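Below, each chain spelled out in residue letters.
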Amino acid sequence: MRAPPLLALRGVSKRFGVVQVLEDIELEVRAGEVVALLGDNGAGKSTLVKVVSGVTPADKGVIEWEGRAVQIKRPHDARDLGIATVYQDLALCGTLDVVGNLFLGREIRRYGFLDEVEMERRTRALLERLAAGVPDLRAPVVSLSTGQRQTVAIARSLLGNPRVLLLDEPTASLGLQQTSEVLDLVDQLRDRGLGVLLISHNMGDVKALADSAAVLRLGRNNGFFDVNTAAQEQIISSITGATENVPRRMASRGDEW
Amino acid sequence: MADKTREGLAASTTGPRQPQRGRAVAHAVEGWATEFRRRLRAGELGSLPVVMVLIAVWITFQILNENFLSPRNLSNISVDIVGTGLIAVGIVFVLLIGEIDLSVGSVSGLAAAVFAVLNVNNGVPEWLAVIVAVLAGTAVGAVQGFSFARTRVPAFVVTLAGLLTWNGLMLYILGTSGTINIDEDGLLAKLTTYYFTNDAAAYGLAAIGAALVFLVSYQDMRRRETVGMPHRSLLQIGVRAGALAVVAFAAAYVLNQFQGLPLALLIFLVVVAGLDIVLRRTHYGRQVYALGGGVEAARRASLRVVRVQTAVLAISGTMAAIGGLFLASRITSVSQASGSGVLLLNAIAAAVIGGTSLFGGRGTTWSAVLGILVIESVASGMATTDTPVALQFMITGGVLFAAVVIDSLSRRTQEAHGRA
Chain C
751 MRAPPLLALR GVSKRFGVVQ VLEDIELEVR AGEVVALLGD NGAGKSTLVK
801 VVSGVTPADK GVIEWEGRAV QIKRPHDARD LGIATVYQDL ALCGTLDVVG
851 NLFLGREIRR YGFLDEVEME RRTRALLERL AAGVPDLRAP VVSLSTGQRQ
901 TVAIARSLLG NPRVLLLDEP TASLGLQQTS EVLDLVDQLR DRGLGVLLIS
951 HNMGDVKALA DSAAVLRLGR NNGFFDVNTA AQEQIISSIT GATENVPRRM
1001 ASRGDEW
Chain S
31 MADKTREGLA ASTTGPRQPQ RGRAVAHAVE GWATEFRRRL RAGELGSLPV
81 VMVLIAVWIT FQILNENFLS PRNLSNISVD IVGTGLIAVG IVFVLLIGEI
131 DLSVGSVSGL AAAVFAVLNV NNGVPEWLAV IVAVLAGTAV GAVQGFSFAR
181 TRVPAFVVTL AGLLTWNGLM LYILGTSGTI NIDEDGLLAK LTTYYFTNDA
231 AAYGLAAIGA ALVFLVSYQD MRRRETVGMP HRSLLQIGVR AGALAVVAFA
281 AAYVLNQFQG LPLALLIFLV VVAGLDIVLR RTHYGRQVYA LGGGVEAARR
331 ASLRVVRVQT AVLAISGTMA AIGGLFLASR ITSVSQASGS GVLLLNAIAA
381 AVIGGTSLFG GRGTTWSAVL GILVIESVAS GMATTDTPVA LQFMITGGVL
431 FAAVVIDSLS RRTQEAHGRA
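One line per chain: the protein sequences are C and S, in this order. Per the numbering used here, the very first residue in the first sequence carries number 751; after that it's consecutive. Per the numbering used here, the very first residue in the second sequence carries number 31; after that it's consecutive.
Be careful, since some hints might not be right.
Okay, the calculated beta carbon distance ranges per label pair [said to hold, decoys possible]: (1) S/Q249 with C/T896: 34 to 42 Å; (2) C/R860 with S/L194: 43 to 51 Å; (3) S/T415 with C/R860: 45 to 53 Å; (4) S/L264 with C/Y861: 21 to 29 Å; (5) S/I238 with C/T896: 40 to 48 Å; (6) C/D934 with S/E60: 52 to 60 Å.
Which bits of chain S does chain C cover? Going by a derived footprint, with three or more residues having C-beta under 8 Å, they are [to be verified]: (7) 331–339; (8) 366–380.
Just a few of them, taken from the derived set where beta-carbon distance is under 8 Å, the chain S residues facing chain C [unchecked claim]: (9) S207; (10) Y319; (11) E326; (12) A327; (13) G390; (14) G391.
Derived by calculation from the structure, the hints in this document are not laboratory data. Small disclaimer: the values here were computed from a predicted structure and weren't measured. For glycine and all other residues, C-beta sits at the position ideal for the given N, C-alpha and C.
Work out the full structure, taking the sequences as your base and the hints as a guide.
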């Protein structure tokens, strides 16, 4: 028997008013595995991320953490489990500086007051490990470049030593150099045993990085693929809807991937 | 009142201290120059513009009337600023989360009315009446804050409704009595009439303030040094604390030339310094700044947004009530006109003129002090030179407009800085 997946979604549904955004979603993320979440615009990828990160809790379905059902009602719950998220819009506080953003909501205190020295020291150490240049840790985030902000957002997600990382289009706004830096980082994190859920539109990234791919279409599962063996055309036709894969229960599919 | 944005400076600090003195000085000057240029480019002017405006205002009125900078007048200004200044400190909190509180004028009037009716009309002891009046402000603010946070109706609208409601409540409480005179020898009146006539009080406060700033900076420097992080040199810290000491001792000297340190000013400065520490050194304050930088981002960072927003409006209500009591103390009476007129506008203008951003997330409580100093200096200067009140409004309006333009421009510069 394999160990239960770190994170598993079983029949998760989410409705905004009359719109059924997610219906009966199945998904598994295992430790040391990068799962690509693919789908056209409006397929429900970002909503799925927000469900798992507790921003918009699911209406129905079960989220399992290491095989047992858990409740994720607030961002706090997800963080306590060890789920960290880099949102598509980064969700940084523009007027706070880099250190302030990294430690927002989990400030280090000393005699009851904020310990700026220790927070700055850890920020510096973390950013140096990411091998990315952020020149001024005390500059408000709004004055950083897009790539630097992305680095800050990723650094923040890694701060609490998470076990599952959700990345919502982490490379969409980056140049070539920065994109490859981010992809290298994701590779490192997988080697360190993190489970990564990677949303991307870039099939090149997915091919290079992901172990498996889950396709969403119109809020439903539309196929699971082993990225190493599946043909790119097959995945793309699943994204666009040229092939309507019948949503299958992952549990019934055995251990083929 | 020196520039307190320590974090901003900390970033571009110089390395370990140079062995030679001359080089150390050159190094420090160079560091400041670079820092200043960086701030100018990044649109972080801080309190520089308002200090320049204040100096210009003082020079202008001193030329027009040689008594303007007399110890007597400056001492009076230092008491005049307290009432509205305390209200402005509350406004700073609200502006920091990117909202505005229009009810502070009415709340200050309400608190004064509560005090007067309890104490004068019903014989409640003064200390108890003060506590009840302040708590009334807290409660009013909390109610407004909670309804704004829960319904997500902009605070602007909630407090606009509050402006009318609390003004109505004040008139109802005052009833037909109209003006109520407060005991001129009582506790409340003492708030603005008591002076520490001993010279040591003013000098002591100046010394303690400068010493605390030096010690905290020094402690910070030592810790940074031990973990090998960039830090400011001893010279930089010394010069900063020294500059603050010069300003503080000059102020103390002037106050001692008249009647000494006013109790009201002491309370004002202690409150401002205390709330400055709350804002910039505590977990709670960090949440306030975070909300101004993006409510949704704060929520996703698992901050309890409703709680923080409610608390901010409660603080604003509390400060409005305290400010209202000081205003009542200054004129030793409460009337139906209490808390009306330009009070609300002056309080908001003070916060903005002092450099607190209307867009949220930028500013300190010290900006309320600087802003109200400008406004009260203009008012006092107009009075001493017999200038019509119409002109006073126009000048204050012009200063406010300039402050808003600077705020907006520096925000745009910051964002453009990011795209580069």
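So which of those numbered hints doesn't the model satisfy? Numbers 6, 8, 9 - these are the hints that the structure violates, sorted from lowest upward.
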